[in-house]
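Build out the structure end to end from the sequences listed, making use of the hints.
One line per chain: the protein sequences are A and B, in this order. For what it's worth, the numbering used here labels the leading residue of the first sequence as 1, then goes sequentially. For what it's worth, the numbering used here labels the leading residue of the second sequence as 1, then goes sequentially.
Errors might be hidden in some of the hints.
[What the hints assert, rightly or not] In silico BS3-like cross-links for lysine-lysine, where the CA-CA straight-line distance does not exceed 25 Å:
1) K83(A) - K17(B)
2) K148(B) - K86(B)
3) K83(A) - K86(B)
[Unchecked claim] Across the chosen pairs, the derived CB separations fall in these ranges:
4) L206(B) - M55(A): 21 to 29 Å
5) F85(A) - K28(B): 22 to 30 Å
6) K57(B) - G38(A): 28 to 36 Å
In case anyone wonders, no lab produced these hints; they're calculated from the structure. By construction, the Cβ of each residue, glycine as well, lies at the ideal position given by its N, Cα and C atoms.
Chain by chain, the residues run as shown.
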Amino acid sequence: MNQITDQGLIYACSAIGAALAMLGSGFGPALGQGYAAGKGAEAVGRNPGARGEIMTTMLLGQAVAETTGLYGLVVALILMFVKPFG
Amino acid sequence: MQMLLCSAGPELDFYIKGVFSYELFGQKLWITTTHLSMFAVSLALLILGIVVNRTMKKTKEVPSGLQNMIEFAIEFLENLIHGNMKNGDGFLCYVGTVFLFVLTSNLSGLFGLRPPTADYGVTFAIGLTTFFIIQITGIRAKRMGHFKALFEPVFLLFPINLVGEIAVPISLSMRLFANLLGGTIIVALWYALMPLLLQLGLPSFLHAYLDVFSGCIQTYVLCMLTTVYIDDKM
Numbered sequence: 001m002n003q004i005t006d007q008g009l010i011y012a013c014s015a016i017g018a019a020l021a022m023l024g025s026g027f028g029p030a031l032g033q034g035y036a037a038g039k040g041a042e043a044v045g046r047n048p049g050a051r052g053e054i055m056t057t058m059l060l061g062q063a064v065a066e067t068t069g070l071y072g073l074v075v076a077l078i079l080m081f082v083k084p085f086g
Numbered sequence: 001m002q003m004l005l006c007s008a009g010p011e012l013d014f015y016i017k018g019v020f021s022y023e024l025f026g027q028k029l030w031i032t033t034t035h036l037s038m039f040a041v042s043l044a045l046l047i048l049g050i051v052v053n054r055t056m057k058k059t060k061e062v063p064s065g066l067q068n069m070i071e072f073a074i075e076f077l078e079n080l081i082h083g084n085m086k087n088g089d090g091f092l093c094y095v096g097t098v099f100l101f102v103l104t105s106n107l108s109g110l111f112g113l114r115p116p117t118a119d120y121g122v123t124f125a126i127g128l129t130t131f132f133i134i135q136i137t138g139i140r141a142k143r144m145g146h147f148k149a150l151f152e153p154v155f156l157l158f159p160i161n162l163v164g165e166i167a168v169p170i171s172l173s174m175r176l177f178a179n180l181l182g183g184t185i186i187v188a189l190w191y192a193l194m195p196l197l198l199q200l201g202l203p204s205f206l207h208a209y210l211d212v213f214s215g216c217i218q219t220y221v222l223c224m225l226t227t228v229y230i231d232d233k234m
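Here it is as structure tokens:
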């Protein structure tokens, strides 16, 4: 274990942290967006005439749900490329 | 990670690069690639404006060609604004400007530029402008009631309401920035890490999804949220 430098340990932990950030923040928005898309498909099936309006509402909701995932992405990117601890 | 970046070599470029530096008030400032691509985007929009002005001076009863497209775009923006706002007159200028600028910026990745919206400075400026427009609209509509709304429904909720107000520009700008930066990084990684054979043609799918689809959706969402937030204060 003596060959691991402090710098290397910090980089390794940053990479693990970035992966964990993406794991958590990828999971939630994926569930939310899939649920919204399923409900949107259901609504179009029930009322095909309102397709355009349902589409915009669904996309807006999905984009808002995606925000948390993007925050996680920003954290992961900072850990990977800005290297705040190394 | 370090090894991955090393093996990618110098051709991995999604960073903002300084092009040339100058001194102002003792500060060292840089003209970066963001400035250059923003200049290109502004130039394109300026030329578009001149051409549109020329075209619309001799409008025809039955539109064709460019006039058709302009009428479609204006109608689209008006639908977006009036669909979300009770009293949306006068906001077409701001929302339309932001829409055109952000859309052109997002699509500029297709032309080999680094999208200006993949720089947090640019998106945060848009977010701050929207924030001030929201607050000024609120003050004009409700006078002191705008500030009293921070203490509703209970006095104790003031900190939460305050954070909710301040989160608006951050969430608006962060959403756009992270989307564009993620797309830029994925495309740059593909070009840097894949062998030459896979760089021909295949990235067009990435560009189609990340630049065109994602860029258009994010532009639409940004403008829609702007109108929704402004309408909330009216």
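Hint check results:
no.: 1; hint: K83(A) - K17(B); verdict: holds, 18 Å
no.: 2; hint: K148(B) - K86(B); verdict: holds, 22 Å
no.: 3; hint: K83(A) - K86(B); verdict: violated, 47 Å
no.: 4; hint: L206(B) - M55(A): 21 to 29 Å; verdict: holds, 24 Å
no.: 5; hint: F85(A) - K28(B): 22 to 30 Å; verdict: holds, 26 Å
no.: 6; hint: K57(B) - G38(A): 28 to 36 Å; verdict: violated, 50 Å
Checked against the numbered hints given earlier, this structure breaks hints 3 and 6; the rest are met.
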